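Those sequence lines, one after another, are chains A and B.
Per numbering that gives the first Met the number 0, the first sequence runs over residues 0 to 279.
Per numbering that gives the first Met the number 0, the second sequence runs over residues 0 to 425.
Calculated directly from the structure, the hints in this document are not laboratory data.
Check the hints yourself; a few may be wrong.
Unchecked claim - With a straight-line Cα cutoff of 20 angstroms, these simulated EDC-like cross-link-like pairs (lysine to aspartate or glutamate) come out:
id, chain 1, residue 1, chain 2, residue 2
1, A, K25, B, D142
2, A, K25, B, E140
3, A, K273, B, E8
4, A, K12, B, E8
5, A, K43, B, E125
6, A, K25, B, E184
7, B, K408, B, D328
8, B, K144, A, D17
Remember, it's a predicted structure, so these values are computed and weren't measured experimentally.
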Amino acid sequence: MSDKQFTTVIVPKSKWFDFHLKEVWKYRDLILLFVKRNFVSQYKQTILGPIWALIQPLLTTVVFTVVFGRLAGLAAEGVPSFLFFMSGNVAWHYFSSCLTSTANTFTGNAGIFGKVYFPRLVSPISTVLTNLISFAIQFVMFLVFLAIYWAKGAVQPTLYALMLPVLLLQMAMLSLGVGIIISSLTTKYRDLKMLIGFGVQLWMYGTPVAYDIGIVPQKFMSVYMLNPMTPIINTFRTAFLGLGSFDLPHYLISWGVTIVILFLGLMLFNRVEKTFMDTV
Amino acid sequence: MDELAIKIEHVSKQYRLGAIGGGSLRGDLQSWWARVRGKEDPNSKVGTRTDIKIGERFLALDDINLEVKKGEALGIIGHNGAGKSTLLKLLCRVTAPTTGMIGINGRIASMLEVGTGFHPELTGRENIYMNGAILGMTRKEIDAKMEDIIEFSEVRQFIDTPVKRYSSGMYVKLAFSVAAHLDSEIMIMDEVLAVGDMAFQKKCLDKMREAANKEGRTVLYVSHNMNTIRQLCDRCIVLDHGKVIYDGDVDAAIAKYLGEHQETAFPVAYDLSQNKRNHHFGKQIFVKSFRFLEAEAARFMIGQTINIEISLDSKIEVDDARIVMRIKDKGNYVRYASSLSNCFSISRSEGQKIRLRLDTTQLIEDEYCFSFEVISTDSIGNYHSYDNPMATIFVFMYECDDSDINWAKQYWGNIRLPDMSAVTIR
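Turn these sequences into a full structure, and let the hints guide you.
What follows is the structure in structure tokens.
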């Protein structure tokens, strides 16, 4: 039978590298609707609505400033510690919320996935985009504080700030990659679901969010910098706080790791999405 | 119009019996380690090994081949577990087949369960967009259909209310409207009509028939309701244990299905030699067996002539023997009718066979119990009974076609006498 005769051909297994990206593009309207749905349903029946998106990073920043800044003295020299922690928090929060919600793709959507077909990748992609809205809200808050300190002359943003879209894209890709790897494995092994909560927490302590990279001993640095999130956070701070200098080699390694992880994730996701209903 | 809408080639779907894996990575590693050392798997349930082996293969669909032409309304019937839902799931791409391939021409709107993809927090209107987008339609295409959908759904008043506030009826109505109106070439329905009020059900059926006949859409309909299958479909397949056991004419398919389904409940042959008789029954004439001829099961279409063969031994000669067949309704025996054979003669011998032909035109669709006696009548009409084997013979009678009226059995009884003639006189 020639395949051309049919618009859709269903076969038992798909090829390893066939990601159906064209099909995902065809469903872009659905992605947007999902984004809208996620956002609307997140804040339905709350009084403060999207303001909730501000409260968490704000409080965390205050706690970090007091605990890690004042008490432990882990903040970087030369920049206001409040801004230092807030920049780390806002960036990290985007990454971690993308990761935790995409890691839930299959188990969280089993109901709808079990009834209708659409490219499954639509769901994690829309999650990443939804979180972008929260990020935007938080980022505006960050900009407000930044402007205040800038006016006082306490910080000096650099032109690297123009790299923000690239940084965001990279965080989105990385969290998507890790998230779909976990979600693909959780269809069968629920263990990873237990891991994800404190796993993200541990990862944060492996990333210079709550402390300055200067406290990491030099001999561990080569291993430490393999964490793809480290150069991202560092670049973010260089860009907006003028802290340190842009480290191109490590940043490129970070991109390399990101791409490999995303690719692995897509491959795994692709294998699982066809029959996950039988094992979920 | 010979264009194919769906082609299914050698499709099988295999499941493993029992729990798949230990359910956790630890469990799987444990099982794997036990296997490596040749020990018993600590995760297999105790005692299940003898009956069903964990991990044994089970074919939910077994080498299915099927072609559906464009514009066809195909009914799919089969008892529970026959593989109907699995087949639909494969077509909707919810899960992939184990072997084989499926070719589909066009988009599929599935209604495996009503309200598929409805989000409770979103309004009716937003959910229409959402469902359309799930089908792969663009916003523009949905906008064009929006009015029709709202009109059909009868929930215009609530269209901007979150669907979590809807009654289940409204929910279903909206869900059906969306699936029926969106531009899909293929519609898949799984018993959706079991919901909604009568008027809406009728509307749905009409809409589906229109979709199949006028709009040239392909409809796949799964139901246990034979009447709607008859009304909607022009072809029907019967699934049994993952195989297509019949493909073709709707009435024949239904007959086949009922046969497969109820063969044990409606056997064709009865051995009556062991039945206990009262009084003098069976002393002179003894009925040994009863069977329906030319039938695979005791299911007959109303109007069909039932051929019966009775085998008996006789120690006497009777010239004016007759058989009286009592037909009771299966439930509580409050209604019954009888049919009397003409006279025949019985000779003094063993293993005589008597053939009967029973006309069933006046019965109504139902399950019945037959019983019979061998009698003779004298000159003034009194009868003498030779044998009553106390048989209870189960028979299922079914309607052949859409009848002109839904016969109200509970008020009108199970016998429909020949129709009266009526004229209006002014």
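These are the hints, each one checked on the structure:
At roughly 18 angstroms between alpha-carbon atoms, K25 (chain A) and D142 (chain B) fall within 20 angstroms of each other, so this suggested pair holds. Of the pairs offered as hints, the one joining K25 (chain A) and E140 (chain B) holds, with about 14 angstroms between alpha carbons and a cut-off of 20 angstroms not exceeded. Annotation: proposed proximity of K273 (chain A) to E8 (chain B) holds, straight-line Cα distance about 18 angstroms (limit 20 angstroms). For the hint pairing K12 (chain A) with E8 (chain B), the CA-to-CA distance comes to about 15 angstroms; that is within 20 angstroms, so the pair holds.
For the hint linking K43 (chain A) to E125 (chain B), the alpha-carbon distance of about 15 angstroms falls within 20 angstroms, and the restraint holds. For the suggested pair K25 (chain A) and E184 (chain B), the alpha carbons sit about 18 angstroms apart, so the restraint of at most 20 angstroms is met. A threshold of 20 angstroms between alpha carbons decides the hint, and for K408 (chain B) with D328 (chain B) the separation of about 11 angstroms falls inside it, so the pair holds. Taken as a hint, the K144 (chain B) and D17 (chain A) pair is broken in the structure, with Cα atoms around 34 angstroms apart against an allowance of 20 angstroms.
Violated hint: 8 only; the structure is consistent with all others.
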